[in-house]
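Colleague: Take the given structure of chain A and dock chain B to it, following the hints.
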Amino acid sequence: QQQVKQSPQSLIVQKGGISIINCAYENTAFDYFPWYQQFPGKGPALLIAIRPDVSEKKEGRFTISFNKSAKQFSLHIMDSQPGDSATYFCAASETGTASKLTFGTGTRLQVTL
Amino acid sequence: ETGVTQTPRHLVMGMTNKKSLKCEQHLGHNAMYWYKQSAKKPLELMFVYNFKEQTENNSVPSRFSPECPNSSHLFLHLHTLQPEDSALYLCASSQGEAGEITEAFFGQGTRLTVV
Numbered sequence: 001q002q003q004v005k006q007s008p009q010s011l012i013v014q015k016g017g018i019s020i021i022n023c024a025y026e027n028t029a030f031d032y033f034p035w036y037q038q039f040p041g042k043g044p045a046l047l048i049a050i051r052p053d054v055s056e057k058k059e060g061r062f063t064i065s066f067n068k069s070a071k072q073f074s075l076h077i078m079d080s081q082p083g084d085s086a087t088y089f090c091a092a093s094e095t096g097t098a099s100k101l102t103f104g105t106g107t108r109l110q111v112t113l
Numbered sequence: 114e115t116g117v118t119q120t121p122r123h124l125v126m127g128m129t130n131k132k133s134l135k136c137e138q139h140l141g142h143n144a145m146y147w148y149k150q151s152a153k154k155p156l157e158l159m160f161v162y163n164f165k166e167q168t169e170n171n172s173v174p175s176r177f178s179p180e181c182p183n184s185s186h187l188f189l190h191l192h193t194l195q196p197e198d199s200a201l202y203l204c205a206s207s208q209g210e211a212g213e214i215t216e217a218f219f220g221q222g223t224r225l226t227v228v
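Chains A and B, in that order, are what the protein sequence lines are. Take the first sequence: its letter number 71 is residue 71 in this note's numbering, and every next letter is one higher. Just add 113 to the spot in the second sequence (first one is 1) and you have this note's numbering.
Looking at chain A on its own, in the form it has when it is part of the complex (with noise of 0.2 angstroms):
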């Protein structure tokens, strides 16, 4: 599996701020980005997700970015809440391979009041 590379390893915003984690892919094949958000004793829950034939996509406070000739996408958590204090993944797959996910090593992310 090529890898998915992601910044930063963490991240501390305030409450009301942008909370802006970046990822970069090398396979060129890889045409499913999803973002995931994982709680502290928990498993990593999808929170939004894109294919490359848009470049934004936006659900609530959450968009997605993305750059196909960059081979890059990023996640922007608009107006910052501490419940947002979560690590988040992003990762990307092919059609075709049954969901089969390569995921970044993730941001840890603290919003403080």
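To be clear, the hints were calculated from the coordinates, so they are not data collected in a lab. Small disclaimer: the values here were computed from a predicted structure and weren't measured. Here a beta-carbon is modelled for each residue, glycine too, at the ideal position from N, C-alpha and C. The hints are all genuine.
Where chain B lies over chain A, by a calculated footprint (3+ residues, C-beta under 8 angstroms):
# : segment
1 : 36-50
2 : 100-109
Restraint ranges, calculated between C-beta atoms of paired labels, are given here:
# : chain 1 : residue 1 : chain 2 : residue 2 : range
3 : A       : Gly17     : B       : Arg176    : 44 to 54 angstroms
4 : A       : Lys42     : B       : Thr226    : 16 to 26 angstroms
5 : B       : Thr129    : A       : Gly60     : 42 to 52 angstroms
6 : A       : Glu59     : B       : Gln195    : 34 to 44 angstroms
7 : B       : Ala152    : A       : Lys68     : 25 to 35 angstroms
Modeller: Frame of chain A; chain B shown alone:
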């Protein structure tokens, strides 16, 4: 509750022990997965089962032995593990079939410590 249940939640075992991890999904999915989550490393895909058939073994050492008796249950049999095998083992399921990608639902994981 995600619909994917893993037991036990915590497991401590010696290097000579044999133990099994269990995963059950109540979502009617066709595909099930084992992932390993170690500190400061990406989640690593270990095994994939699609319609009870193993379709992926991601170069996992033979001391890990998966079993999928039906589409709802997945086991990971462990024997003669090493301390570096200590990690969170996550089970996931999806409705994925060839040519499709659907959301993967994860269980809460089994925290394994090898002593």
